[in-house]
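Listed below are the residues making up each chain.
4 protein chains.
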Amino acid sequence: MSERLPDPSSDPFPQALSLAETVDFLDAAFPQMAAGGKTYHLVAVGPGFARMRMDHHERHLRPGGTVSGPSMMALADYALYAAILASLGPVALAVTTSLNVNFLRKPGPHGLLGTARLLKLGRRLAVGEVGITGPDGADLVCHATGTYAIPPERPARG
Amino acid sequence: MSERLPDPSSDPFPQALSLAETVDFLDAAFPQMAAGGKTYHLVAVGPGFARMRMDHHERHLRPGGTVSGPSMMALADYALYAAILASLGPVALAVTTSLNVNFLRKPGPHGLLGTARLLKLGRRLAVGEVGITGPDGADLVCHATGTYAIPPERPARG
Amino acid sequence: MSERLPDPSSDPFPQALSLAETVDFLDAAFPQMAAGGKTYHLVAVGPGFARMRMDHHERHLRPGGTVSGPSMMALADYALYAAILASLGPVALAVTTSLNVNFLRKPGPHGLLGTARLLKLGRRLAVGEVGITGPDGADLVCHATGTYAIPPERPARG
Amino acid sequence: MSERLPDPSSDPFPQALSLAETVDFLDAAFPQMAAGGKTYHLVAVGPGFARMRMDHHERHLRPGGTVSGPSMMALADYALYAAILASLGPVALAVTTSLNVNFLRKPGPHGLLGTARLLKLGRRLAVGEVGITGPDGADLVCHATGTYAIPPERPARG
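Chains as they are written, first to last, in my numbering: chain A, 1 to 158; chain B, 1001 to 1158; chain C, 2001 to 2158; chain D, 3001 to 3158.
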């Protein structure tokens, strides 16, 4: 065992959507993420995994040029949502039930990267964590864990 | 003892700023809270206490007309910040170190009210909770707790 | 509106069990809560509400006589569990899915009281908060919020 | 960049104590961790890192043989504390200010391993995360993040 945290599960997570499919779904379902100009960009997905970039944009800034807390919370929530979506597909729309955010350092005047990985993908609840770093993936500025309710499967229609 | 949660302390919290003074400070220090039109309005402060209204505005909505999670997280953070500011005055600028948010119910198509009260106001850390309700103060839709670092007092200048 | 946090809901919570019934159920279901001598005592329940006392006992202490963090976390978890149990009855056994705890002040050398109230009692999730105080209900030393999964109702047996 | 979460910092954490020194300090400072027989064992430390084993013991069990939530919360808190202690040395005694715990899966009837890594080690606050797994490091059953206040350095005496 290394000094990294363990992998969440010996059961690998599934992957239901490609990056392009996940982007298309997010763009259609959350048009207001792009209100005032698109600043959140999904850049990678995998089984139980998503990475999202947030541009450096006036809308996300606090005086002094640092990125605001609510903008980082939104990035964490979107990245976790994308990880669940890519893993489960668009059948069931997950709903955020809780988000716990630790602000670690003041971000510099640049875009940020949110890297989300799921810790659990159950039938009713998904739990994941997100690390937010500078654009090169170094310097962790924020860490969040989130819980999402997965609606009961709808009976097959027909 | 009633069935309400206990008051945080037998030591009452101080109040350093009036409502008008707290509003003036927030407007000057956080102009971007009003970017695209002012939608967050501080409506009351007291010792260890603040209440903030968020207008129903397209910018805060998810498809279907419900208020987005990040907009509620911003309301919780602003209301707690205002409670600390009103209690301590603008001497020391508090910094959010963590926020834990539980989303309880889907808000209806209307503005929201964030009611913040401090649980602790120490020399180095302040902790508080926020309940977010409909505009009449009924129907709790979101609950948050937040922790804020209070910078060391600056030595008096002479 | 007063300066208290709002009540969680205009829909009152139900109450399924009396205090004596809730105590009996806890004693039978969690005998290990009393291992080494019973130190947790449920003292009140109501709709969406429970209050539990934790005795001052060597088992709960840190050097210097202060109560340990894990003992307070256990008190918070037990009190929330009791509030759900009293409200829903023993039909469905709730499972803790998350607990967020803020330690506010060092408790004195005495027993503690945990006062829990539910914020939400849904079909699948219950959320509540707990304030931990000294035995007289003053001096908040710890605050926690917890989330509990409520298993799907079992089909009636026949 | 891999699909792992990023390392917390490009600045490596320090290491002030060896494993044997950290164990000796914990044994002396927290004798009650061993009350009723020692069940928590520190097995590794490194810069910003600690791993602690919790034995399978009747004291930690819920009916049915599963490990209780409070026992896992104690393991998370102890492992994070050990990571801070090994990194900073025993000069300043850290105090837990918050702990956020997600219970992911029901642990099996065996001991557990808590793997803690720091996310931030500031002058006043340390933040870290813990993954709790089975004894072989697989199957993540619980994840926690914790915040610790680091007391101001005491002035040199003499």
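Take the hints with a grain of salt, since some may be wrong.
Covered, in the sense of this in silico footprint (three residues per stretch, anywhere, with C-beta under 8 angstroms from a C-beta of chain B), are these stretches of chain A [as the list claims (entries may be wrong)]:
{"#": "1", "region": "72 to 79"}
{"#": "2", "region": "97 to 108"}
Derived lysine-lysine pairs resembling BS3-like cross-links, with alpha carbons at most 25 angstroms apart [what the hints assert, rightly or not]:
{"#": "3", "chain 1": "A", "residue 1": "Lys38", "chain 2": "A", "residue 2": "Lys106"}
{"#": "4", "chain 1": "A", "residue 1": "Lys38", "chain 2": "B", "residue 2": "Lys1038"}
{"#": "5", "chain 1": "C", "residue 1": "Lys2106", "chain 2": "D", "residue 2": "Lys3106"}
{"#": "6", "chain 1": "D", "residue 1": "Lys3106", "chain 2": "D", "residue 2": "Lys3038"}
{"#": "7", "chain 1": "C", "residue 1": "Lys2106", "chain 2": "C", "residue 2": "Lys2038"}
{"#": "8", "chain 1": "B", "residue 1": "Lys1106", "chain 2": "B", "residue 2": "Lys1038"}
Honestly, the hints are just simulated from the structure, not real lab data.
Where a beta carbon is used, it is the ideal one built from N, C-alpha and C, also for glycine.
Against the structure, the hints:
1. 72 to 79: Result for this restraint: holds, n = 3.
2. 97 to 108: Our answer is that it holds, as 7 residues pass the Cβ test (under 8 angstroms) against chain B, meeting three.
3. A/Lys38 / A/Lys106: Holds. A/Lys38 to A/Lys106 sits at ~23 angstroms (cutoff 25 angstroms).
4. A/Lys38 / B/Lys1038: holds, 21 angstroms
5. C/Lys2106 / D/Lys3106: violated, 32 angstroms
6. D/Lys3106 / D/Lys3038: holds, 23 angstroms
7. C/Lys2106 / C/Lys2038: Given pair C/Lys2106, C/Lys2038 holds - Cα atoms ~23 angstroms apart, limit 25 angstroms.
8. B/Lys1106 / B/Lys1038: holds, 23 angstroms
Going through the hint list in order, the structure does not satisfy hint 5, though it satisfies all others.
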